[in-house]
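J.: Single-letter residue listing:
Number of protein chains: 6
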Amino acid sequence: DFINALEEVHPAFGVSEEELQQVIQNGIIYYNDNVKELLRTGQLFVEQVRTSKRTPLVSILLHGPSGSGKTALGATIAQESQFPFIKLISPDSMVGFNENQKVAAISKVFADSYKSPESVIVVDNVERLLDWAPLGSRFSNAVLQALLVLFARRPPKGHRLLVIATTSLRPVLTEVGLSEAFDSELRVAPISNLESLEYVLHSVELFETDEQRRRAMHMLAEAGFASGEDESMNGLHIGIKKLLSIIEMARQEPDHATERLVGSLMGLGM
Amino acid sequence: DFINALEEVHPAFGVSEEELQQVIQNGIIYYNDNVKELLRTGQLFVEQVRTSKRTPLVSILLHGPSGSGKTALGATIAQESQFPFIKLISPDSMVGFNENQKVAAISKVFADSYKSPESVIVVDNVERLLDWAPLGSRFSNAVLQALLVLFARRPPKGHRLLVIATTSLRPVLTEVGLSEAFDSELRVAPISNLESLEYVLHSVELFETDEQRRRAMHMLAEAGFASGEDESMNGLHIGIKKLLSIIEMARQEPDHATERLVGSLMGLGM
Amino acid sequence: DFINALEEVHPAFGVSEEELQQVIQNGIIYYNDNVKELLRTGQLFVEQVRTSKRTPLVSILLHGPSGSGKTALGATIAQESQFPFIKLISPDSMVGFNENQKVAAISKVFADSYKSPESVIVVDNVERLLDWAPLGSRFSNAVLQALLVLFARRPPKGHRLLVIATTSLRPVLTEVGLSEAFDSELRVAPISNLESLEYVLHSVELFETDEQRRRAMHMLAEAGFASGEDESMNGLHIGIKKLLSIIEMARQEPDHATERLVGSLMGLGM
Amino acid sequence: DFINALEEVHPAFGVSEEELQQVIQNGIIYYNDNVKELLRTGQLFVEQVRTSKRTPLVSILLHGPSGSGKTALGATIAQESQFPFIKLISPDSMVGFNENQKVAAISKVFADSYKSPESVIVVDNVERLLDWAPLGSRFSNAVLQALLVLFARRPPKGHRLLVIATTSLRPVLTEVGLSEAFDSELRVAPISNLESLEYVLHSVELFETDEQRRRAMHMLAEAGFASGEDESMNGLHIGIKKLLSIIEMARQEPDHATERLVGSLMGLGM
Amino acid sequence: DFINALEEVHPAFGVSEEELQQVIQNGIIYYNDNVKELLRTGQLFVEQVRTSKRTPLVSILLHGPSGSGKTALGATIAQESQFPFIKLISPDSMVGFNENQKVAAISKVFADSYKSPESVIVVDNVERLLDWAPLGSRFSNAVLQALLVLFARRPPKGHRLLVIATTSLRPVLTEVGLSEAFDSELRVAPISNLESLEYVLHSVELFETDEQRRRAMHMLAEAGFASGEDESMNGLHIGIKKLLSIIEMARQEPDHATERLVGSLMGLGM
Amino acid sequence: DFINALEEVHPAFGVSEEELQQVIQNGIIYYNDNVKELLRTGQLFVEQVRTSKRTPLVSILLHGPSGSGKTALGATIAQESQFPFIKLISPDSMVGFNENQKVAAISKVFADSYKSPESVIVVDNVERLLDWAPLGSRFSNAVLQALLVLFARRPPKGHRLLVIATTSLRPVLTEVGLSEAFDSELRVAPISNLESLEYVLHSVELFETDEQRRRAMHMLAEAGFASGEDESMNGLHIGIKKLLSIIEMARQEPDHATERLVGSLMGLGM
Ligand SMILES: Nc1ncnc2c1ncn2[C@@H]1O[C@H](COP(=O)(O)OP(=O)(O)OP(=O)(O)O)[C@@H](O)[C@H]1O
Ligand SMILES: Nc1ncnc2c1ncn2[C@@H]1O[C@H](COP(=O)(O)OP(=O)(O)OP(=O)(O)O)[C@@H](O)[C@H]1O
Ligand SMILES: Nc1ncnc2c1ncn2[C@@H]1O[C@H](COP(=O)(O)OP(=O)(O)OP(=O)(O)O)[C@@H](O)[C@H]1O
Ligand SMILES: Nc1ncnc2c1ncn2[C@@H]1O[C@H](COP(=O)(O)OP(=O)(O)OP(=O)(O)O)[C@@H](O)[C@H]1O
Ligand SMILES: Nc1ncnc2c1ncn2[C@@H]1O[C@H](COP(=O)(O)OP(=O)(O)OP(=O)(O)O)[C@@H](O)[C@H]1O
Ligand SMILES: Nc1ncnc2c1ncn2[C@@H]1O[C@H](COP(=O)(O)OP(=O)(O)OP(=O)(O)O)[C@@H](O)[C@H]1O
Ligand SMILES: [Mg+2]
Ligand SMILES: [Mg+2]
Ligand SMILES: [Mg+2]
Ligand SMILES: [Mg+2]
Ligand SMILES: [Mg+2]
Ligand SMILES: [Mg+2]
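Residue numbers (this note's numbering), protein chains in the order written: chain L, 1445 to 1714; chain E, 1445 to 1714; chain Z, 1445 to 1714; chain Y, 1445 to 1714; chain X, 1445 to 1714; chain A, 1445 to 1714.
Any given hint might turn out to be false.
Repeated chains share a single entry, so a pair holds when one copy, or any two copies, can fit it.
[To be verified] Using 27 angstroms as the maximum straight-line C-alpha spacing, the simulated DSS-like pairs for lysine-lysine come out as follows: (1) Lys1480 - Lys1552; (2) Lys1480 - Lys1559; (3) Lys1685 - Lys1601; (4) Lys1685 - Lys1480; (5) Lys1686 - Lys1601; (6) Lys1685 - Lys1497; (7) Lys1686 - Lys1497.
Keep in mind the hints are simulated off the structure, nothing from the lab.
Bear in mind the structure is a predicted one, so any value in this text is a computation, not a measurement.
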């Protein structure tokens, strides 16, 4: 009935294909080694799920600052697994759901996954699924309880499941007791040195000539941004998503692109 | 199907036309350079949405004290975009809605916008949409969660959206975690020097003669109000909306217009 | 369609006539100059609404201690406007309403008013409409949000509206953010000197002879109550409503009227 | 239609007759002058309602410690008014009502009273109607809001109403803002000296001979209880209801009645 | 109609018979004088209800630490009254009831009791009826309000009622204002000296020979447990219910009964 | 009707068989003496329930850190009892249940158990049944109240019940007052010395040769982990479940198994 299961899940798989494409629309830029390494670790977990008898369930958490690329990376790992069942659970498709509807929608995906021999579920933006509001520390306890159980519940015998959750509010997940539900946590770091920044600028071709790009880098160095690995000292701390957004704004005024870029980064990064 | 989309959205567009007119009924008075500059920045964002491939969604926040002209300016930017879909989401049309009805109404507008190739949505008075009450820090978490997702959710492939939100309680938006949803924030400042004030008085013709107006300005200067750019030192701090209201009251007693004007401003501004 | 509108609102007007009469049943006693002045200011606002193009909506707040005459004065201003639509929104007619029913009833009156070219709405006892309870600072946020919008929402083009709200808990209105919704606030002061008191005693003829009344005044002066304008020093601080009630109690024992009056006032006022 | 009204209210009146009898089943013992005086003051308020034109509504509050006789006294004043409509609103008949049902039941009685030319409503045990719980300061805001309005709402023209409320938690009523709704407050004091105590013992004939009673009084005096008016110094502080209960317990063991009486009082009173 | 009433209540009586038996299944062991005395006091209250005219309602509270025998003693007093209506209200039969269902069930029993000339109602484990949770001090206010009224509401004329409530959380009852509803409180003390303990051991025949029992007592004395009346100094503080449970555990290993007994008691009592 | 009862419960028993198997899928590894001892104590409680007349109900609590093996051990004790009714109550089968549905499901199992002469119920992961969230200390009071009663309610005459509950948050159970419901508590300790660790490594054959395993143990000793009984000093503190998970991850990279194992343990244990 392996064949059967495949057929059963394919339509669902088809739907997710589109959703996954949507979130990695802008592609992955390999702006530093961490990007590659994180994707490789992801692959290892995929292997563990595929082969180990004792751990048919593995749950991991991708966390990092807002816009650092968590969703795109999680979706990429999922897509590369080539498991017959791959699904994205995202708050985007649950606007206006009450907590019971959210729990039902989430449980449905897990229940569906149990029919496939191997599955990946990307649970995106957990704090939003929880309806988290920092003021008053409000959240949906119903959703929380469901996630606590679903992230730890073994699939039925002979079935295997990888859960990849993402959050930009890891401390909140710890406070509500959800961190303990994960077998492993992976940090998605923001861009924090000039080398990575230049790599991105080069990739998206903000500047027409290398000369222009180098001039911009010079200005940024003068403005106090630094090279090297020491994240806390470089003055730079920006997610790839926000960086791409700033670049697009700068692109609107080709003549002042460098100034706008430096200005926006300084407004944020220092 | 561009044509199709246009037809689909036109009726909605028609309705909003009237709503937009209503909120800029009293027109825009260019009482200082900031007014023009803010409108120009608005135009740049319109351009970015229209042209950039990587950022089909841009969300901006107009914030400033009560009555400073946020709604009128937001509506003006929207109207000048000439996008085929322009819509105002306002608490005025949601009196007595419970939070679910609010979420449904708001989501509906966003869903409609996804049918148009290019759209602007003005989300007016966000704190009121949130049912914000300072006493007890009460607010609708359901509306908050919906806005958090909607302000950040990319429209479907090939569609573009500019979101312009307004608030006079920016700190509240920060506290509930909504500030982070915006790509950019623009401040709408109150009137804070005598030059701007005189410009407005002139525009609305409170006084019949220049002589009278100059006498009033003199009295205001004597009362301690000042000229110049330093907002915190001029003693003046009044939104254009309130100023227009005070002027109309003063107009009721033509013989004492100057005295009432000065009196009202002093009651407020010092 | 002016004629039409008139016809439409008349029945409603008729009902309110009775309600307004009921709250000013005991008439207005002009016990000092403030009474007259307040009514005149009210008239000015009526004029502004009638004539100004830029401010078709004016909202004012009558506030003052319990029983100081707010409802009677608000109703009087409304009645003297002779606008075709005059309506009293009062908690008296909403006992047992839940918050949604309250919001519906209140919105209905505003919606009705938008059909008349000129309207006055007296929103009586706002704290009671809000279901305010000091212990635990409980209130109906649904009603609050409705009032915040309704007090600031312009009537449709060509229609004009004066809103007169009353409260004896102005600090509460400030705490919930409702104070900012008003264009102007008017204080209704309690009776706080012997001149006003004597004027009232004379008006309602508690004593059969002037001699008796003067004797009572003498006793009150000896008891420490004072004449003059300084409200905080006179030891007297009583609303006209409570004063009328005390007078009626004193009237039960004609032989001891003076003693009971002085006793009651001392029990309160010092 | 006076006749009509009378007929309308009679059945209701009949029902209340029984209820009123039930709460004054044990009669009124005139154990000191305050009892008589309180009943006389009650009569004066009845007169004011009957005769004054300006105050067709009078609301009073009987307050005092638990078991001090508030309900019995309130019912007695009501019954002696001989008004055509007399009704007792008591938590006893509302066990298991939710707050809406309570509000409906209470409003019903007030609405009925407006049909009679003259009415008395005894609102017994207000804290229980409010579902007051000291832990967490919980109460029914719906009931509170209803009472706040009903205690202050004038009956329709030509109708008159006396409201007599009772409570043993006056500070709570003040905290929730209900105290201000009353025109007057009357304190029902506990028994606090030996004279009153002896009067009661005599009335209910606990002892067969005067000799025995005197012996008991002697023992009580020795135990530290005192005579005289100074409530705070006498060591005695017991409601008539509790006292009657203690006496009945003592009556079970005729041979040790004195000892049990003294023992119980000392356990309480010191 | 005495006969009638008897017939009416008999079926209910039958049901309770079984329930009462269930809770005193293990019988009453007279391990010290307090046991007998408490039962005698209970009888006196039964007499008062049966005979006194002024107090047709008496409510008493049995309180004491967890497992001290409150339920068994309350049921015993009730059963010995031989009143025609005897009923046990217990949380055991209300698992999963919401607060309204609880209130309905409780009220039903009181309403039924009013049909019998004489009744006893045992209200067991009041804190559980209240859904009391110490964390957050949560409780059902609906149940609380119902109990507050029902414990104090006189049965209809000619009917008599004894209410016996039990709790192991008397401070909670005081905090929620329920303590005042009782005419009297009786403490059920735990076992706190070696004499009582030995009496129980003897009764339930844990040891086959007196020799063995005495050896155990000796070991307990050496372990620091003491004889005599001073509850706070004896180191022993255990409810009869828990003691019986420990004894049964010890009985599983006949060879080490003494050691297990001493071990368990030391784990608890010191 | 013993036969009857057996037949009634068998189907239920069948279902649980599978559930129990599922939770002890990986078997029990006897890595130290405590494991055996705990299972033996469990057997003693089974005996007590089977034989004692006075205690037909025994409730015990297995508590210990997350992943220490509580569920597997509880299920093992239950299965070895060979009672005709054995059932697992687990949050896994209640995802998305509201509190009433949870209470109903739980009560159903207890009600079913009362039909069997002897029963074991394993109530797994009590904190999850309670919907416990540490942030804001939220929990379902309805479930709590049900458990408080069910854990203490004696089965009907002639029936016997053993309740085995598990939790990794024992302090929470104490805070909500649930600890007192248990007759006994058993601690399931984590693995905390190198001997136990080596025993497990050996059992699951992570390393192909003894040589490799010994090298790993050596590295761990050098890393600071210690042998012996003193739990707090050994630096090691890991549940068997987590340990098995880490071992499976290490197994993915056979060449670096030792390094990954040591790395993971150091990341956790120190
Ligand atoms: N190395 C990279 N890693 C991740 N995303 C990348 C990378 N390079 C380019 N991108 C692009 O950057 C964007 C990252 O956005 P993404 O939504 O994944 O961030 P996020 O951390 O999930 O944001 P949020 O905190 O708002 O959920 C995507 O459009 C993705 O295509
Ligand atoms: N330069 C200007 N900018 C904005 N509004 C102007 C300007 N000149 C005149 N106006 C008029 O001033 C009024 C501004 O009111 P508007 O409702 O936009 O203020 P707001 O800041 O949205 O107020 P609120 O804080 O109450 O929402 C409008 O009637 C508008 O026509
Ligand atoms: N100068 C006056 N101003 C107001 N009311 C007056 C005056 N003279 C007499 N009255 C009478 O005094 C009473 C004032 O009562 P009113 O209900 O208006 O007071 P209020 O301030 O609204 O009381 P509350 O705080 O209870 O709402 C009315 O009966 C009114 O007829
Ligand atoms: N002088 C008296 N005043 C009041 N009640 C008296 C007096 N003499 C005897 N009684 C009797 O004492 C009892 C008083 O009880 P009542 O219920 O009125 O007290 P209460 O203050 O309302 O109690 P609670 O605080 O419980 O509501 C009644 O039975 C009444 O018949
Ligand atoms: N002298 C005694 N008093 C009370 N119970 C006794 C006595 N002797 C033996 N018992 C037995 O001890 C047990 C007491 O348990 P019971 O349920 O009455 O205690 P409890 O205080 O109500 O407990 P809980 O606090 O759990 O409600 C019963 O089984 C009863 O038969
Ligand atoms: N000695 C042992 N005791 C318990 N479990 C063991 C033992 N040896 C091996 N195991 C295995 O270890 C795992 C223990 O997991 P289990 O779910 O019982 O832990 P838990 O403490 O209930 O975890 P959680 O805190 O997540 O509920 C099971 O897979 C079990 O088969
Ligand atoms: Mg994301
Ligand atoms: Mg605005
Ligand atoms: Mg008023
Ligand atoms: Mg009473
Ligand atoms: Mg009990
Ligand atoms: Mg477990």
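J.: Each hint needs a verdict: does it hold in this structure or not?
T.: Here is what the structure says about each hint:
1. With identical chains, the CA atoms of Lys1480 and Lys1552 are never at most 27 angstroms apart, being 33 angstroms at best within one copy and 40 angstroms at best between copies.
2. When the C-alpha separation of Lys1480 and Lys1559 is checked against a cutoff of 27 angstroms, the pair qualifies neither within a copy, at 32 angstroms, nor between copies, at 38 angstroms.
3. Within a single copy, Lys1685 and Lys1601 get their C-alpha atoms only as close as 40 angstroms, which misses the 27 angstroms cut-off; across copies the closest is 17 angstroms, which meets it.
4. Taking the shortest alpha-carbon separations for Lys1685 and Lys1480, only the intra-copy value of 17 angstroms comes in at or below 27 angstroms, while the best inter-copy value is 30 angstroms.
5. With identical chains, the CA atoms of Lys1686 and Lys1601 are at most 27 angstroms apart between copies only, with a shortest distance of 19 angstroms across copies and 43 angstroms within one.
6. Taking the closest pair of Cα atoms, Lys1685 and Lys1497 come within 27 angstroms of each other only across two copies (14 angstroms); inside a single copy the shortest separation is 38 angstroms, beyond that limit.
7. In this assembly of identical chains, the alpha carbons of Lys1686 and Lys1497 lie at most 27 angstroms apart only when taken from different copies (15 angstroms versus 42 angstroms within one copy).
Taken one by one, the earlier hints fail for this structure at numbers 1 and 2, listed in ascending order.
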